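Chain by chain, the residues run as shown.
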Amino acid sequence: MSNAMNPARSFQGLILTLHAYWAARGCAILQPYDMEVGAGTFHPATTLRALGPKPWNAAYVQPSRRPKDGRYGENPNRLQHYYQYQVILKPNPSNLQELYLGSLEAIGIDPLLHDIRFVEDDWESPTLGAWGLGWECWCDGMEVSQFTYFQQVCGIECAPVSGELTYGLERLAMYVQGVDNVYDLNFNGVEGEGKVTYGDVFLQAEQEYSRHNFEFANTQALLRHFVDAEAECRALLAAGAPLADGERHRMVFPAYDQCIKASHIFNLLDARGVISVTERQSYILKVRELAKACGEAFLQTEAGGALLRAA
Amino acid sequence: MPDLLLELRSEEIPARMQRKAAGDLRKMVTDGLVDAGLTYEAAREYWTPRRLTLDLRGVTARSRDVHEEIKGPSTTAPEQAVQGFLRKAGLFDISQAHIHNDPKKGDFYVAHLSRPGRSAEEIIAELIPAIIRSFPWPKSMRWGKASAKPGALRWVRPLQSIVCTFGPETEEPVVVDFEVDGIRSGNITYGHRFHAPEDIVVRRFDDYVSKLEAAKVILDAERRKEIIRADAVNLAFANGLEMVEDEGLLEEVSGLVEWPVVLMGTFEKEFLAIPAEVIRLTIRANQKCFVTRPGDAAGDEAKLSNHFLLTSNIDAKDGGVEIARGNGKVVRARLSDALYFWQTDQHDLPDLDTLQESAARFDLDLSKPLDQRMARLDRLGVTFHAKIGTQGERVARIAALAEELALLVGADPKLARRAAVLAKADLQTEVVGEFPELQGAMGRKYALLQGENESVAAALEDHYKPQGPSDHIPSDTVAIAVALADKLDTLVGFWAIDEKPTGSKDPYALRRAALGVIRTLLESDLRIPIIEVAYRQRNRWVDQLLEHDAGSGAGDRLSSSDHTDDGRSVARDLLSFFHDRLKVYLRDQGARHDLIDAVITPQSDDLLAIVRRVEALGAFLDSEDGKNLLAGTKRAANILAAEEKKGTRVADAVDASLLKQDAEKKLAAAVNQAEKDAGQAIQNEDFSGAMRALSVLREPVDSFFEAVLVNDPDENVRANRLALLSRIRAATGQVADFSKIAG
Chain D
0 MSNAMNPARS FQGLILTLHA YWAARGCAIL QPYDMEVGAG TFHPATTLRA LGPKPWNAAY
60 VQPSRRPKDG RYGENPNRLQ HYYQYQVILK PNPSNLQELY LGSLEAIGID PLLHDIRFVE
120 DDWESPTLGA WGLGWECWCD GMEVSQFTYF QQVCGIECAP VSGELTYGLE RLAMYVQGVD
180 NVYDLNFNGV EGEGKVTYGD VFLQAEQEYS RHNFEFANTQ ALLRHFVDAE AECRALLAAG
240 APLADGERHR MVFPAYDQCI KASHIFNLLD ARGVISVTER QSYILKVREL AKACGEAFLQ
300 TEAGGALLRA A
Chain B
0 MPDLLLELRS EEIPARMQRK AAGDLRKMVT DGLVDAGLTY EAAREYWTPR RLTLDLRGVT
60 ARSRDVHEEI KGPSTTAPEQ AVQGFLRKAG LFDISQAHIH NDPKKGDFYV AHLSRPGRSA
120 EEIIAELIPA IIRSFPWPKS MRWGKASAKP GALRWVRPLQ SIVCTFGPET EEPVVVDFEV
180 DGIRSGNITY GHRFHAPEDI VVRRFDDYVS KLEAAKVILD AERRKEIIRA DAVNLAFANG
240 LEMVEDEGLL EEVSGLVEWP VVLMGTFEKE FLAIPAEVIR LTIRANQKCF VTRPGDAAGD
300 EAKLSNHFLL TSNIDAKDGG VEIARGNGKV VRARLSDALY FWQTDQHDLP DLDTLQESAA
360 RFDLDLSKPL DQRMARLDRL GVTFHAKIGT QGERVARIAA LAEELALLVG ADPKLARRAA
420 VLAKADLQTE VVGEFPELQG AMGRKYALLQ GENESVAAAL EDHYKPQGPS DHIPSDTVAI
480 AVALADKLDT LVGFWAIDEK PTGSKDPYAL RRAALGVIRT LLESDLRIPI IEVAYRQRNR
540 WVDQLLEHDA GSGAGDRLSS SDHTDDGRSV ARDLLSFFHD RLKVYLRDQG ARHDLIDAVI
600 TPQSDDLLAI VRRVEALGAF LDSEDGKNLL AGTKRAANIL AAEEKKGTRV ADAVDASLLK
660 QDAEKKLAAA VNQAEKDAGQ AIQNEDFSGA MRALSVLREP VDSFFEAVLV NDPDENVRAN
720 RLALLSRIRA ATGQVADFSK IAG
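Protein sequence lines correspond, in order, to chains D and B.
End of the first sequence sits at 310 in numbering that gives the first Met the number 0; the numbers just go up one at a time, nothing left out.
End of the second sequence sits at 742 in numbering that gives the first Met the number 0; the numbers just go up one at a time, nothing left out.
Errors might be hidden in some of the hints.
Derived SDA-like pairs: lysine to any residue, alpha-carbon spacing no greater than 20 Å straight-line [unchecked claim]:
1) B:K70 with B:K87
2) B:K19 with D:D121
3) B:K148 with D:Q151
4) B:K138 with D:R70
It should be emphasised that the hints constitute simulated quantities derived from the structure, not laboratory data.
All values derive from a computational prediction rather than experimental measurement.
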C-alpha cells in the first residue's frame, strides 16, 4: 500500500480507508455538506434522513466548525475547524459494535494491543432537538468516536432507530501516526520534499479564524443575519407547504439550510461572548424550533416516507 | 432443589447504573417467584459492563395446588346476581357451582376452584420476559429493525442474549425457553469482547463463573474492585508513590472493565504547577484515572506526583506499553487545557474597556484578574434567577449586607465588602467553568495570587460553608459576614418571589441555607435581628427592580411580585421559617420541643436568645421550684381559661384594696417583684436570673391556692383574684409560655 493511501501514514489515507471500509458494507459514500456546520450530524444526510421509515446507509466526511474552540493555532489538540467522519445506518444493524470495531482494525488499531472501551455518553443536541443513547469510544483513554443510537431527531421519535458513528479524524490520525501535535500530521503521505502536513494546510487558517471568531466577527451584522435566517427558514417552509391535505411538502432542504445557518451564526455570536446565559437558552430554542419545523416537513416528503394519498 | 441461572447480556451498560440494575433484577425475580407460590433459599446478583447475572439457589420445583371456595348468592337470587358471580369466579355455567346450605341463609352457590400447581419452569418462562419488558432503567432506548414499530422492547442499550438455565445440582439443567422481542433464551454466553469472542455453553452458576473467568471476565464487581485497588496501591508503592484513594472512582472504573489490568502513566512535571485539585479532577473526570503523590508527601493533599494509574480492560500483547503511552498523551492534552484555563484566569480579559461601568459600580480594580471577572459577571448580566435578577445585582446586595453584618460579627466592614464583591467572581473563570465543584476554592487561589488580604481570600471559599450538616461553619469573621449575607440574601430573594420549599421539594437548598445561618449564629455566639435584616435586604431588592425597570422599561419582574406590601410580611414569614428550622435543629440536638415552642413567639428574631432561653428554662424546670411553679402557673392559667370561657369578668388590674387574705396580698407583692426582677434580668439577657426571679413565686402561688378560694361570692373580689392569676401568667410569660410546656 502506498503511503498516500495508508491510514497510519497519511491523513488522507485514513479517510480513504474508512471510505473503503464502509463502502464495502453498503454505505453510500457522500461528500461533505457545503455549509458551515458544528458537527457531521447537521448534514441533511443525517439530520433529515434519520427521520421516517426508509432505510438509509451513508458515510461521509464533514468539516465541522466550533468557533469557540479556536486557539490561534497554539494548542496541539484543539481546532475551530476539524473533520468528522460520519456513518449513519438506518435501522442500525444488530452487529453495529462489531462493524465499528472492524473499522478500527481496518485503520490499524489492534484491539489486543490497544484498550478499546465503550464509555457511557448520552448524546444530545439541544439545537437539533435530538438525543440518543450510546457511548464515547475510547482508545487508550482517548475519545476517538461517538456511537449513538438516535432516539429522537428534530423533536420527532426515530422509527426505526439509526445508529450514528462519528469519528474524530484528527485525533485518530494523530493516534495512528504517533504524532503529538495535530499540525505535524502527515497529510499526503509523502516524506521529505513534497510532504504536506496538516499545519501546511490549516495552521494559518486556524490563526485567522481564531481572530475572526473571537475578535472581529461583526456581531451587529451576525445578529441581523440570525434574524434573517430564522425568517427565511419559516418563509421557505410556508411557501413549500403541501398544497392540499395529503400532498407533499416541496421545500424542506432549502429551509433546513437556513436552520443550519442560524445555528452557525449562534455559535459565532457565542464565541464573541455577546450572548448572556439567558439569551443563550432562547437562541437555542429558536434554532430547535426551526429544526423541528424542518423535520416535520421532511416527513411529508418522499424521502421522509410520506405516502401519497391514493388518487 | 433446582437452581436458576439468569444472564442478561447487552451492549455496554453505563457504570453508574449497573449495581442498582442487578439489585432490581434480583428483587423483581425473587418477588415474582414468591408471588407465584415458589420459594428459594438464596439469591445473589452480579454485574459487569456487559451483563446482569442472577444466581438463584434452591428454588422449589413446583408451586403447590391451590384450592379455594368463592361464596356466591342465594340459589333464589335474581339472574343478574348469578351472572356477576359466574364472572367473578370464572365459571361458564351455574351448573359448575356447588350448592351449600346455611341454616340462616338457606341454599347458596359456592364455586370450588382449584388451581393446580405449576412447574417452576413455566412460571419462570412467564415471569422473566415480563420483567425484561418492565425493567426500571433510569434511561432506556429502542434499537434496530424492531424500533420501527410502536411497543418495541426498551433496554438500557441493545439486549443481545439471555441465558436461563434451571435444574438441580445432580442433573443436567434445562434451558427455560422463552422469547422477548426476537431474543430467545438459551445456554450460550460470550466471554471478554476481545480476548474470548467465542461462544461458551454454560450449565449452571458454578461452571458459568469459572468458564467466564477462563474467558477473561471477572463476574464479581467487588472482586474487580479489590483487584484494581490492590494492584494500584502496589504499583504505586513499587514506584515510591502513594495512590490517592477515590472510592467513587473505583466503583466507576470497576464498572468499565471485565478484566482489570492496572497500568501506570506519566505526564510532564511542569503540569504540577496546576493546583492539585484541578489536576485530580481533570484526570478523574475525563480519564477515570487515579492520581498519586510522592511517597514522601504521604497525606499531603496539596502535593501530587506526575504519575497516574489507569485501569485497562485487556491483557495487552506488549504488556500495556502502548496503552500507558496513549493514556499519557490524553492526560497531557487535558492537562494542557487545564493549564491554559489556570493561566488564562490569571491574565487580562480581552474587552477591558467594556467593563468600566461595572468596575465603577463595585469599586473594582481592573488591573486585577479576579476584579475583571467580577466586572464581566456583572456586565454580561448573567442570570441568578429569572425572577430575582442577575448575579451582579445579587453581589451588590450581598456586599451591602456583608458590610452591615461585619459590625455585628466583629469583622472589618471594608474587608467584608471586598470579599463579598469578589465572592462570585470565580464563576467567570475558565477553571470553574470546567469544574463547577471548584467554585470558591478557585476564587481563593486567584485572590491570593493577586495579593488580596488573607481573610478576604479565605472568605471567597468559606462563605459557601457550611455545605451540609457535617461541614464546619466559617471561622474567620470576614467569612462569617459574607456567608451570612450570601445565605440571607438568597433566602430573602426566594421569599420575595414566593418560591419557598414545599414538602420534599427544595430545589434551591433553602433549608440548608437557613440551617447554615442558624449554625453559624449559634456556634459563633452571634445575634442578628433577622426581621430587620430581612426587611432591609428585601427593600434593596425592590430598589434594584425599580431601578432596573426604570432603565429598561420592562416591568415584568416587579409586576410578578407583590411589592405593594411593605416587605414586613416577607420578613415575618421568613422568620417563622427560621423558627421551624431552628426547632428541627434543636430537636436533633436533643432539646425538648415543648420548651422550644414555649419560648418562641412570632417576634423572637434573636435565635441565640431563643436557645439560651430554652437552656435556662430546661434547667429551671428540672429544679423543684421550677416544677412547682410550672404546676402553679398552669393551675392559674387553667382557672383563668375556664372563667374566660364562661364569660366571667376579669378585672383589668389588681386592685390592692380588694385583696383581703394574707396569701393573696403576699402573692400580689411577690408577683410585682418577680415581674420586675425577671423583666430586668431579661433585659440583661440573664435568663437564669429571670428564672431565679420567677422561682420566688413558687411559695406564694402554692399558699394562694391552698388558702384562697378564687370563686368568691363577691363578684368584684372574684374579678380581682382572676386579675391576680392573670398577673402570674403575664410574669412567667415574659420568659416562656408555660401553657405550652408538657407536664
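Cross-check of the supplied hints:
A C-alpha spacing of about 10 Å is found between K70 (chain B) and K87 (chain B), which places the hinted pair at or below 20 Å, so the restraint holds. Taking the CA atoms of K19 (chain B) and D121 (chain D), the gap is near 19 Å; set against the 20 Å cutoff, the hint holds. A threshold of 20 Å between alpha carbons decides the hint, and for K148 (chain B) with Q151 (chain D) the separation of about 14 Å falls inside it, so the pair holds. Distance check on the hinted pair: K138 (chain B) and R70 (chain D) sit about 36 Å apart at the alpha-carbon level, beyond 20 Å; violated.
Checked against the numbered hints given earlier, the structure breaks only hint 4 and satisfies all the rest.
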